[in-house]
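Novice: Chain by chain, the residues run as shown.
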Amino acid sequence: MSELLRVNNLKKYFPVEQGLLTSRLSRKVKAVDDVSFTVNQGETLGLVGESGCGKSTTGRCLIKLLVPTGGTVEFEDRDVAKLHGRDLKAFRRDVQFIFQDPYASLNPRMTIGEIVSEPLVVHGIGTKTERRSQVQDLLKTVGLNPEHLNRYPHEFSGGQRQRIGIARSLALRPKLIICDEPVSALDVSIQAQIVNLLSDLQDEFGLTYVFIAHDLSVVRHISDRVAVMYLGKIVELGDWKNLYDAPHHPYTQSLLSAVPVPDPEKQKSRSRIILQGDVPSPIDPPTGCRFHTRCPIAQFPICSEQEPELRDVAPGQRAACHFAKPMPIALG
Amino acid sequence: MSTLLEVRNLKTHFHTRDGVVKAVDGVNFNLEPGKTLAVVGESGSGKSVTALSIMRLIPKTTGVIGTDSDILFKGESVLGMDDAGVRSIRGNRIAMIFQDPMTSLNPVYRVGRQIGESLILHKGLKKKEADERAVELLDMVGIPHAGERAKDYPHQFSGGMRQRAMIAMALACDPDILIADEPTTALDVTIQAQILELMIELQERTGTAIIMITHDLGVVADMANEVMVMYAGKQIEYGTAEDVFYRPLHPYTWGLLESLPRHDVSEKGILLPITGQPPSLINVPSGCAFHPRCPYAKDVCRTQVPQLTSIEDGHSSACLFSGDPGFRRETASPSREVV
Chain A
0 MSELLRVNNL KKYFPVEQGL LTSRLSRKVK AVDDVSFTVN QGETLGLVGE SGCGKSTTGR
60 CLIKLLVPTG GTVEFEDRDV AKLHGRDLKA FRRDVQFIFQ DPYASLNPRM TIGEIVSEPL
120 VVHGIGTKTE RRSQVQDLLK TVGLNPEHLN RYPHEFSGGQ RQRIGIARSL ALRPKLIICD
180 EPVSALDVSI QAQIVNLLSD LQDEFGLTYV FIAHDLSVVR HISDRVAVMY LGKIVELGDW
240 KNLYDAPHHP YTQSLLSAVP VPDPEKQKSR SRIILQGDVP SPIDPPTGCR FHTRCPIAQF
300 PICSEQEPEL RDVAPGQRAA CHFAKPMPIA LG
Chain B
0 MSTLLEVRNL KTHFHTRDGV VKAVDGVNFN LEPGKTLAVV GESGSGKSVT ALSIMRLIPK
60 TTGVIGTDSD ILFKGESVLG MDDAGVRSIR GNRIAMIFQD PMTSLNPVYR VGRQIGESLI
120 LHKGLKKKEA DERAVELLDM VGIPHAGERA KDYPHQFSGG MRQRAMIAMA LACDPDILIA
180 DEPTTALDVT IQAQILELMI ELQERTGTAI IMITHDLGVV ADMANEVMVM YAGKQIEYGT
240 AEDVFYRPLH PYTWGLLESL PRHDVSEKGI LLPITGQPPS LINVPSGCAF HPRCPYAKDV
300 CRTQVPQLTS IEDGHSSACL FSGDPGFRRE TASPSREVV
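Those protein sequence lines, which keep their order, are chains A and B.
For the first sequence, numbering that gives the first Met the number 0 assigns the number 0 to the initial residue and increments by one for each residue that follows.
For the second sequence, numbering that gives the first Met the number 0 assigns the number 0 to the initial residue and increments by one for each residue that follows.
Source of the hints: derived by calculation from the structure; they are not laboratory data.
Quick reminder that beta carbons are idealized off the backbone N, C-alpha and C, glycines included.
Take these hints with a grain of salt, some might be off.
Claimed, not checked - Pairs of lysine-lysine residues, derived as PhoX-like cross-links and limited to a Cα-Cα distance of at most 25 Å, are as follows: (1) K240(A) x K267(B); (2) K34(B) x K265(A); (3) K10(A) x K27(A); (4) K267(B) x K297(B); (5) K267(B) x K265(A); (6) K127(A) x K139(A); (7) K150(B) x K125(B); (8) K34(B) x K267(A); (9) K174(A) x K265(A); (10) K29(A) x K81(A); (11) K240(A) x K63(A); (12) K27(A) x K88(A); (13) K34(B) x K10(B); (14) K267(B) x K174(A); (15) K88(A) x K29(A).
As the list claims (entries may be wrong) - What follows is a list of derived Cβ distance ranges for each label pair: (16) D136(A) x P58(B): 43 to 53 Å; (17) H154(B) x H83(A): 40 to 50 Å; (18) E306(A) x P291(B): 53 to 63 Å.
Take these sequences, add in the hints, and give me the full structure.
Specialist: Quick look at the structure:
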């Protein structure tokens, strides 16, 4: 498999607004701090973590919606930061984005037809009539009635709106789609419809996905490989099966054990790791391993002083922990 | 055990410009002391309106509760009470935790003062006593340095801590019933695990009955003794957690359970979603409201409204075919054959 996207030491810091008398430049939120991974042609990479771990910021850096503070993003072996003009426009055709909130990501004053055809208009593709039939095809592809193209977003339910967002992202026949929590605003039965639709489209169009989500079961279902993030860092990265069957990092283990499984007997009998406290602030992340303040197996002083490298712990699986060892956590 | 709460044929309808929204349309259940009832359903199924009706928080201007509906708290009708009577129960004997801990605390009052408010109102405590008790309560829900944190404003708390403060507030008067409306939906999984653990622990200590409203079947499996499944304002299945998870009767419950990604498979198949969209509550489909999405629907489902009927001891379902022993969970195989 060839690499479609390569991310090297990606960093994104945001300056913190401070009072008048203190230095305005001293403090930064390190939203993404030295993250490296690759995405292969045709695969789905899942990016999981809790709020504030930097997964959405990473996604936005990948499509140049945010300019990274450091590191590079390479798409088809070309540095995205160096793209300008025509090349940048071509890149934007190849890489699309699906947003989390199907209510906020569609302009309420545009019809569905206008929304889905807008990327085609921007890129000057086809005549008006060609675009119209193309939009109808797209609506059919995502399971909507092609006759609804003159309707407005408010006439659709959440799941249908997410389908509209997917149709829009498909309009330019992209190679890579970044899905930022595409199903978390939807009901379970509708979630399954959208997840199936994304898989079908991947098969049909040979798409590559970066799938950002906080729901570990959905990520397990859709991903080929999964990266777990904590406070701006990737703590574990591996093939979905290895990562879920034998998580090596204590944070991955805690995350998996915190998900309640929909089976009363299993849920009540399984052993769980309940983490203490909240995620620390990314303004002043803990020294050494960022997870050491909540880690059930931390040993001092090594964990609070030395930052663990993301190292190979098993074939096709890497973890950033000094004491990484496999621990199966049944997800039911 | 005496029945703590009895909900009889609850109907809450809203009159809007577009028509009558039948948000809750005939719900019945009992709640016993110390038990947890989970109310499950998708958005718009009437879960929250059921809770708000019990709390008498439905706005009188638009919301109408049916004349033959009744809610009995320890045998006394909540719906028949005057405002003073309702105030003596609400927040005191029946307390509620809301979904969004970010918006349900008042940003201009200190957290401790907000927790103490109900103690001053219901228990007649002096301000100072209430403040002291608020610190004890914050400590009980696991807020470190409770004495100092009680003086903080809500914005100084994280999401998980705010939800802990909400729980402290709800438990301040030692209520008989705690209604938790999606208490962990806005929280991260590791924080959700902390909050659920806390609720289970506090329930063991205080014996409070809990009505847990959620759409997360994992949370249901974790907390519930009994489960009520709602669809389009109606109760479509009711039973113990074991009944509903292991021997579900209604095709909608089957669909809900099957649409979840499975964890025990090493090869990935496709998910089995429920097709179609949830119905509009203004134009509820005729007959069984679920029939347009039901893979087993027959002609009779379009015309006849199924009633909630007891199939096994304490396990009931509102499907015309639930009484048929051949129409069971086993029939809902992945191939989805129509029986």
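Novice: Now look at each hint and say whether the structure bears it out.
Specialist: Cross-check of the supplied hints:
Pair hint K240(A) plus K267(B) holds up; C-alpha atoms about 10 Å apart against a cutoff of 25 Å. Under the criterion of a C-alpha separation no larger than 25 Å, the hint pairing K34(B) with K265(A) is consistent with the structure, at around 20 Å. The suggested pairing of K10(A) with K27(A) holds, with an alpha-carbon distance near 12 Å, which does not exceed 25 Å. A threshold of 25 Å between alpha carbons decides the hint, and for K267(B) with K297(B) the separation of about 32 Å lies outside it, so the pair is violated.
For the hint linking K267(B) to K265(A), the alpha-carbon distance of about 21 Å falls within 25 Å, and the restraint holds. As the CA atoms of K127(A) and K139(A) are separated by approximately 19 Å, the hinted pair is consistent with the 25 Å bound. About 17 Å separates the Cα atoms of K150(B) and K125(B), which keeps this hinted pair within 25 Å; it holds. Using a Cα cut-off of 25 Å, the hinted pair K34(B) and K267(A) holds, with the two alpha carbons roughly 16 Å apart.
Distance hint between K174(A) and K265(A) is unfulfilled; the C-alpha atoms sit about 41 Å from each other, more than 25 Å. The hinted pair formed by K29(A) and K81(A) meets the criterion: a straight-line CA distance of about 23 Å does not exceed 25 Å. For the hint linking K240(A) to K63(A), the alpha-carbon distance of about 31 Å lies beyond 25 Å, and the restraint is violated. Annotation: proposed proximity of K27(A) to K88(A) is violated, straight-line Cα distance about 31 Å (limit 25 Å).
The suggested pairing of K34(B) with K10(B) holds, with an alpha-carbon distance near 24 Å, which does not exceed 25 Å. A hinted pair counts as satisfied when its Cα atoms are at most 25 Å apart, and K267(B) with K174(A) qualifies at roughly 23 Å. For a cut-off of 25 Å, the pair hint linking K88(A) to K29(A) is broken: about 29 Å separates their Cα positions. Hint check: D136(A) to P58(B), Cβ distance near 46 Å, so the stated range 43 to 53 Å holds.
The hinted range of 40 to 50 Å is satisfied by H154(B) and H83(A), whose Cβ atoms lie roughly 42 Å apart. Range check, E306(A) to P291(B): Cβ separation about 56 Å, and the 53 to 63 Å hint holds.
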